[in-house]
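Visitor: Can you make the complete structure from the sequences, with help from the hints?
Just so you know, the sequences run in chain order A and B. Reminder that position 81 of the first sequence reads as 81 in my numbering, one-by-one numbering, no gaps. Reminder that position 91 of the second sequence reads as 91 in my numbering, one-by-one numbering, no gaps.
Since no wrong hints were added, every one of them can be taken at face value.
What follows is a set of in silico ranges between Cβ atoms, one per label pair, in the way DEER data are often shown:
no., chain 1, residue 1, chain 2, residue 2, range
1, A, Ser-146, B, Tyr-364, 54 to 62 Å
2, B, Gly-366, A, His-140, 49 to 57 Å
3, B, Ile-30, A, Pro-20, 40 to 48 Å
4, A, Ser-146, B, Gly-366, 54 to 62 Å
5, B, Leu-387, A, Ala-101, 23 to 31 Å
6, B, Leu-49, A, Gly-76, 35 to 43 Å
For the record, the hints were derived by calculation from the structure and aren't laboratory data. Where a beta carbon is used, it is the ideal one built from N, C-alpha and C, also for glycine.
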Amino acid sequence: MRHAALELIDVSKVYPGSPPVHALDHVSLRVEHGELLAIVGPSGSGKSTMLHVMGTLDRPTEGSLHIDGIEVSRLGDRKLSAVRSQRIGFVFQQFFLLQGASALDNVANGLLYSGTSKRTRRRRAAEQLDRVGLGHRLHHLPNELSGGERQRVAVARALVNDPSIVLADEPTGNLDSRSSAAVMDLLHTLHQEGSTILVITHEHAIAESLPRQVEMIDGRLVELVGASQ
Amino acid sequence: MTATVETPAPIEAASSARMGPSRLRPSDIITVATDGLRQRKVRTALSALGITIGIAAMVAVLGLSESSRADLSNQIEQLGTNLLTVEPSGGFGGGDGVLPEESVAKLGRIGPIEVVADIVTLDQAPLRNDIMSSNETKGLTAIAADVDLVATLRGSVASGAWLDETTSQTPTVVLGSIAAERLAITSVTDGPMITIGGQWFTVIGILGDFPLAENLDRAVFIGKGAAVSVFDVELNPSVIYVRTDPDQLDAVRGVISPTVDPQSPDEVSISRPSDVLEAQEAADSAFTSLFLGLGAVALLVGGIGIANVMVIAVIERRNEIGLRRALGATRAHIRRQFLVEALLLSSLGGAAGVSLGAGVTAFYAGVEGWEVVIPPIAIIGGLVAALAIGAIAGLYPAMRAARLAPTEALRSA
Ligand SMILES: Nc1ncnc2c1ncn2[C@@H]1O[C@H](COP(=O)(O)OP(=O)(O)OP(=O)(O)O)[C@@H](O)[C@H]1O
Ligand SMILES: [Mg+2]
Chain A
1 MRHAALELID
11 VSKVYPGSPP
21 VHALDHVSLR
31 VEHGELLAIV
41 GPSGSGKSTM
51 LHVMGTLDRP
61 TEGSLHIDGI
71 EVSRLGDRKL
81 SAVRSQRIGF
91 VFQQFFLLQG
101 ASALDNVANG
111 LLYSGTSKRT
121 RRRRAAEQLD
131 RVGLGHRLHH
141 LPNELSGGER
151 QRVAVARALV
161 NDPSIVLADE
171 PTGNLDSRSS
181 AAVMDLLHTL
191 HQEGSTILVI
201 THEHAIAESL
211 PRQVEMIDGR
221 LVELVGASQ
Chain B
1 MTATVETPAP
11 IEAASSARMG
21 PSRLRPSDII
31 TVATDGLRQR
41 KVRTALSALG
51 ITIGIAAMVA
61 VLGLSESSRA
71 DLSNQIEQLG
81 TNLLTVEPSG
91 GFGGGDGVLP
101 EESVAKLGRI
111 GPIEVVADIV
121 TLDQAPLRND
131 IMSSNETKGL
141 TAIAADVDLV
151 ATLRGSVASG
161 AWLDETTSQT
171 PTVVLGSIAA
181 ERLAITSVTD
191 GPMITIGGQW
201 FTVIGILGDF
211 PLAENLDRAV
221 FIGKGAAVSV
231 FDVELNPSVI
241 YVRTDPDQLD
251 AVRGVISPTV
261 DPQSPDEVSI
271 SRPSDVLEAQ
281 EAADSAFTSL
291 FLGLGAVALL
301 VGGIGIANVM
311 VIAVIERRNE
321 IGLRRALGAT
331 RAHIRRQFLV
341 EALLLSSLGG
351 AAGVSLGAGV
361 TAFYAGVEGW
371 EVVIPPIAII
381 GGLVAALAIG
391 AIAGLYPAMR
401 AARLAPTEAL
411 RSA
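Guide: Next comes the structure, spelled out in structure tokens:
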């Protein structure tokens, strides 16, 4: 049996305070390799919290998380960082590209903490930029690129370490409809090529274009379409 | 529910084993830190400036004091610590302030005295020729000198010859180095002449600089015999120079006064010129500590500047920190990045400071005519101090950056 790309088991996240916020309320989710799915929900429903927990950027209060079969909820900082550098790719609404670095170097940074040589990092970065259709923009700085192009650079960066899963938080949130369609098309293409991608969005229109949709309301998950079980 | 929670342990172990740790190559740390500084060139330069000034001050102070000390000890060596000068003093009894004429002959009989010579300052003024009026003396004096003067003072002859027993009796003159310059006489081959008190004298020699006796460089010298025969003066020594066996210096010092003037020994004043230089050397080091203190203050301020800039950088670059954590940076990687950035900043400032300080030293020493000495301790110490300051200044900001929770860091401002 092959294990899931990512599996949340009965995960809760409580932010202390008065009253405490139950941002995630006993959430379970299994994402198989090769899936493309959307988590859709209104603002404040806990989507980003869930993405942070899935991406090992934050620890769940309860429950366990497996990435590619590795139980990560008890790992220390060093091991968690290794999981992020080798098994997870992130795409953020704000792109988070380094302003002074070219598209190529920004993508190569996806391998910076894996110990690969600079030459290899750059070669693989160029391949990924080619793959997202930016082979002609290798040496452009982020502020010389359109919003859609920047997000495609960020997607290339998320893919360059060949992750088990790409976690994208509102990847089209800062884009106009045309660029946003281009980014979604790209995600579909990558999915067809075998990548596992989880997209967080508050737009139902975007969620509906994906094969599987899970709705999040007040920290709870409801399968809408395409559940694997 | 229990069924879902379980994950087969062996697979977990195998998966973990497959995965190496996050790694940031040393060369990449440098690149990452350099990029951080290159993004903010003006700020980098300004924050390194404090360190530059502090290190430059310290290197220059050490360099200059070392250079001037080298110059002083050079002078002391030339002069010798075994030279004593004897002059008449008023004394307590209100004496005549005159040394007896036969003093040199008496001193010459004291065993440990190697060589002794006196000078008698004359009232007659030296002139280039008899047409010039006597207020054009150009600050030159005429001196009747003992034949042993050059030997006693370790002087040198630049051209021609010094006075000997014969030429001391004739109207011949030897010029001090500055006197020759002022009288525009560069060579003695065609027998140039000058006047002293209206009498003609033939120039037979030009001296080199005396070590530490500029007043003699400004004098013209005639023999004692000539002084008596031409000007009919008394030969009471103005100054007697005594060169003694270095081991007997104190003993010699004790017997000079009673020998020279047995009636009123307290009217004889004895000094040791090298004492003045040694005092100067000591005074120099007091000055040095003052400037070193100021340099240390500048360094402290520079260090605070770097800490300040780094704290701001950590706040401004929260998103970058969050991104790097998402890309797999460990806390240690983030800490190292900012620490190395602070170290680069301070060593940049330190290197600039060392070159600036060395430059200032070289320039000033050049102006003073000193040999340039920059002690290695100043260069190494400067760089080490800069690095230490960078490490201290960078530590707190780096720890703050590392402690930042990734989710906190990724929140948009
Ligand atoms: N650090 C925190 N401390 C306290 N409460 C928090 C914290 N982060 C999030 N929350 C709360 O947790 C809940 C879920 O937040 P989250 O950011 O996950 O929502 P979201 O679904 O991503 O919303 P949006 O679509 O607006 O991004 C919200 O009520 C939020 O106020
Ligand atoms: Mg959100």
